[in-house]
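Trainee: Chain by chain, the residues run as shown.
Number of protein chains: 2
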Amino acid sequence: MGIYQYINEKVLGNAGGDLEEVQIFPTYRMKVKKNEVVTRFGQIEDKAYFLISGIMESAIEKDGELKIISFTFPNNFVCSYTSFLLQTPSEIQSKAITDCEIEYFFKEDLEQAYKTSIVANQFGRYVIEQLFISKLKRENDFLTKTAKEAYQDLIKERPEIVQEIPLNKIAKYLGIQPESLSRIRAEIS
Amino acid sequence: MGIYQYINEKVLGNAGGDLEEVQIFPTYRMKVKKNEVVTRFGQIEDKAYFLISGIMESAIEKDGELKIISFTFPNNFVCSYTSFLLQTPSEIQSKAITDCEIEYFFKEDLEQAYKTSIVANQFGRYVIEQLFISKLKRENDFLTKTAKEAYQDLIKERPEIVQEIPLNKIAKYLGIQPESLSRIRAEIS
Chain A
1 MGIYQYINEK
11 VLGNAGGDLE
21 EVQIFPTYRM
31 KVKKNEVVTR
41 FGQIEDKAYF
51 LISGIMESAI
61 EKDGELKIIS
71 FTFPNNFVCS
81 YTSFLLQTPS
91 EIQSKAITDC
101 EIEYFFKEDL
111 EQAYKTSIVA
121 NQFGRYVIEQ
131 LFISKLKREN
141 DFLTKTAKEA
151 YQDLIKERPE
161 IVQEIPLNKI
171 AKYLGIQPES
181 LSRIRAEIS
Chain B
1001 MGIYQYINEK
1011 VLGNAGGDLE
1021 EVQIFPTYRM
1031 KVKKNEVVTR
1041 FGQIEDKAYF
1051 LISGIMESAI
1061 EKDGELKIIS
1071 FTFPNNFVCS
1081 YTSFLLQTPS
1091 EIQSKAITDC
1101 EIEYFFKEDL
1111 EQAYKTSIVA
1121 NQFGRYVIEQ
1131 LFISKLKREN
1141 DFLTKTAKEA
1151 YQDLIKERPE
1161 IVQEIPLNKI
1171 AKYLGIQPES
1181 LSRIRAEIS
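Same order as they appear, the protein sequences are chains A and B.
Each residue of the first sequence is one higher than the one before, counting from 1 in our numbering.
Each residue of the second sequence is one higher than the one before, counting from 1001 in our numbering.
Watch out, some of these pointers could steer you wrong.
Unchecked claim - Under the rule of at most 30 Å between Cα atoms (straight-line distance), these lysine-lysine pairs were calculated in the DSS-like manner:
#1 B:Lys-1047 <-> A:Lys-10
#2 A:Lys-107 <-> B:Lys-1095
#3 A:Lys-115 <-> B:Lys-1010
#4 A:Lys-145 <-> B:Lys-1137
#5 B:Lys-1148 <-> A:Lys-107
#6 B:Lys-1169 <-> A:Lys-62
#7 B:Lys-1115 <-> A:Lys-115
#8 B:Lys-1148 <-> B:Lys-1047
#9 A:Lys-135 <-> B:Lys-1145
#10 A:Lys-62 <-> A:Lys-33
#11 B:Lys-1067 <-> B:Lys-1135
#12 A:Lys-67 <-> B:Lys-1115
#13 A:Lys-145 <-> B:Lys-1115
#14 A:Lys-33 <-> B:Lys-1156
#15 A:Lys-10 <-> B:Lys-1135
#16 A:Lys-67 <-> B:Lys-1156
#17 A:Lys-62 <-> B:Lys-1135
#18 A:Lys-95 <-> B:Lys-1169
#19 B:Lys-1169 <-> A:Lys-115
#20 B:Lys-1137 <-> A:Lys-107
#21 B:Lys-1137 <-> A:Lys-137
#22 A:Lys-145 <-> B:Lys-1067
#23 A:Lys-67 <-> B:Lys-1010
#24 B:Lys-1145 <-> A:Lys-172
#25 A:Lys-145 <-> A:Lys-107
#26 B:Lys-1148 <-> B:Lys-1135
As the list claims (entries may be wrong) - Ranges between beta-carbon positions, derived for each pair:
#27 A:Glu-160 <-> B:Thr-1146: 32 to 40 Å
#28 B:Lys-1031 <-> A:Asp-109: 41 to 49 Å
#29 B:Glu-1111 <-> A:Glu-101: 30 to 38 Å
#30 B:Asn-1168 <-> A:Glu-179: 33 to 41 Å
#31 A:Glu-111 <-> B:Glu-1021: 48 to 56 Å
#32 A:Gly-42 <-> B:Thr-1146: 37 to 45 Å
#33 A:Glu-179 <-> B:Thr-1027: 36 to 44 Å
Said to hold, decoys possible - Per the computed footprint, the stretches of chain A lying under chain B, defined by three or more beta-carbons under 8 Å from a beta-carbon of chain B, are:
#34 19–33
#35 113–126
#36 129–142
Hints in this document: simulated from the structure, not taken from any laboratory.
Every residue, glycine too, gets a C-beta built ideally from N, C-alpha and C.
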């Protein structure tokens, strides 16, 4: 799926719709290799990325240590949003965990489209709503679930996570030590 | 400030603009007393609330214990967003900490406006962007700051918090015990 198809299907609920009508801004494609950084710490982000294939991680840094705040799977957007929206230095690093194919667009083109296109605004609103909901869910999980419960839910919702993401990264995402995750996995199996 | 004024000033950046042009959906007003619950756990939320005066809290529940996830101050929106957006039972309780004056609107009217009005879509997008940014900031704070640093930043950004919100609620918001907060306050002063 590409961005225009995403707009048709997800935003407008119109899977068979005419792709020409949703070309509200130009998009570009790129390929990144495993472990390649897409957005650096401190960079002012001027692009938003849509993952066509592969897996990416977003992380923040504390005392030289990375803390993973999200994994992104195909057909979802990934971006250092605060930097993108406010044009402040990015506190987030986005990196490819596997080889990835990415479609992206520029903030400038999006802002231009916002001025005249209802579809562009519906698109921007829909994407941010989805992200906000998943962020609220993660906050809720952190506050109400044990690490074991959070891990069990994660592998139920995203079974591919255990196959494709190294355990030390999953531990970083859950906010626990790799040894704790190994113990949890031993308890479950 | 009311919702239409908020749209003019914050969303459109047009403080002196004509209020008639931003009346994109009907709004209503209500007053709630201190400690009154605006959104109950389990309720399907069909309204979004704009705080004209007073302070509100949003909390989730774990094993019968409330955990405060946000305080809302005047000129901001407060809502059980996941419930509002997805029409699922609310996992959040919104409550007035002081007497409050509130302006609100219905999801149904908003959805109607989204279909034809660019301003409505810009409004929905702007509100959710602001909320998303503050949620990302809170996640970042949780992962990178000590409780003491988080408290110091909080009173710097929102000095009124210490005057108007009971300490046990601030502790719940920071995710620490009231005794730990008392110790932090003693260290600082």
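Trainee: Each hint: holds or not?
Mentor: Structure-based check of each hint:
1. B:Lys-1047 <-> A:Lys-10: The given pair, whose Cα atoms are some 24 Å apart, holds under the 30 Å limit.
2. A:Lys-107 <-> B:Lys-1095: Since the Cα atoms of Lys-107 (chain A) and Lys-1095 (chain B) sit roughly 37 Å apart, the hinted pair is violated (cutoff 30 Å).
3. A:Lys-115 <-> B:Lys-1010: holds (15 Å)
4. A:Lys-145 <-> B:Lys-1137: Satisfied, since the Cα-Cα distance of roughly 21 Å is no more than 30 Å.
5. B:Lys-1148 <-> A:Lys-107: violated (36 Å)
6. B:Lys-1169 <-> A:Lys-62: Holds - the C-alpha atoms of Lys-62 (chain A) and Lys-1169 (chain B) are around 27 Å apart, at most 30 Å.
7. B:Lys-1115 <-> A:Lys-115: holds (16 Å)
8. B:Lys-1148 <-> B:Lys-1047: Given pair Lys-1148 (chain B), Lys-1047 (chain B) is violated - Cα atoms ~36 Å apart, limit 30 Å.
9. A:Lys-135 <-> B:Lys-1145: holds (19 Å)
10. A:Lys-62 <-> A:Lys-33: holds (26 Å)
11. B:Lys-1067 <-> B:Lys-1135: Holds, at roughly 15 Å.
12. A:Lys-67 <-> B:Lys-1115: Roughly 40 Å between the alpha carbons, so the hint for Lys-67 (chain A) and Lys-1115 (chain B) is violated.
13. A:Lys-145 <-> B:Lys-1115: At roughly 38 Å apart (the allowed maximum being 30 Å), Lys-1115 (chain B) and Lys-145 (chain A) break the hint.
14. A:Lys-33 <-> B:Lys-1156: Roughly 43 Å between the alpha carbons, so the hint for Lys-33 (chain A) and Lys-1156 (chain B) is violated.
15. A:Lys-10 <-> B:Lys-1135: holds (24 Å)
16. A:Lys-67 <-> B:Lys-1156: Judged against 30 Å, a Cα distance of about 26 Å means the pair holds.
17. A:Lys-62 <-> B:Lys-1135: Given pair Lys-62 (chain A), Lys-1135 (chain B) holds - Cα atoms ~18 Å apart, limit 30 Å.
18. A:Lys-95 <-> B:Lys-1169: Given pair Lys-95 (chain A), Lys-1169 (chain B) is violated - Cα atoms ~38 Å apart, limit 30 Å.
19. B:Lys-1169 <-> A:Lys-115: The given pair, whose Cα atoms are some 42 Å apart, is violated under the 30 Å limit.
20. B:Lys-1137 <-> A:Lys-107: holds (21 Å)
21. B:Lys-1137 <-> A:Lys-137: With Cα atoms ~15 Å apart, Lys-1137 (chain B) and Lys-137 (chain A) stay inside 30 Å; holds.
22. A:Lys-145 <-> B:Lys-1067: Holds, at about 13 Å.
23. A:Lys-67 <-> B:Lys-1010: Since the Cα atoms of Lys-67 (chain A) and Lys-1010 (chain B) sit roughly 33 Å apart, the hinted pair is violated (cutoff 30 Å).
24. B:Lys-1145 <-> A:Lys-172: holds (16 Å)
25. A:Lys-145 <-> A:Lys-107: violated (36 Å)
26. B:Lys-1148 <-> B:Lys-1135: This hinted pair holds, its Cα atoms lying about 19 Å apart.
27. A:Glu-160 <-> B:Thr-1146: 32 to 40 Å: Given about 36 Å between the Cβ atoms, the range holds.
28. B:Lys-1031 <-> A:Asp-109: 41 to 49 Å: This hint holds: roughly 45 Å between Cβ atoms.
29. B:Glu-1111 <-> A:Glu-101: 30 to 38 Å: holds (35 Å)
30. B:Asn-1168 <-> A:Glu-179: 33 to 41 Å: Holds, at about 35 Å.
31. A:Glu-111 <-> B:Glu-1021: 48 to 56 Å: With a Cβ separation near 21 Å, Glu-111 (chain A) and Glu-1021 (chain B) fall outside 48 to 56 Å, so the hint is violated.
32. A:Gly-42 <-> B:Thr-1146: 37 to 45 Å: violated (23 Å)
33. A:Glu-179 <-> B:Thr-1027: 36 to 44 Å: 54 Å Cβ-Cβ, so the 36 to 44 Å window is violated.
34. 19–33: violated (count 0)
35. 113–126: holds (count 8)
36. 129–142: Holds, because 11 residues of the segment 129–142 of chain A bring their Cβ atoms closer than 8 Å to Cβ atoms of chain B.
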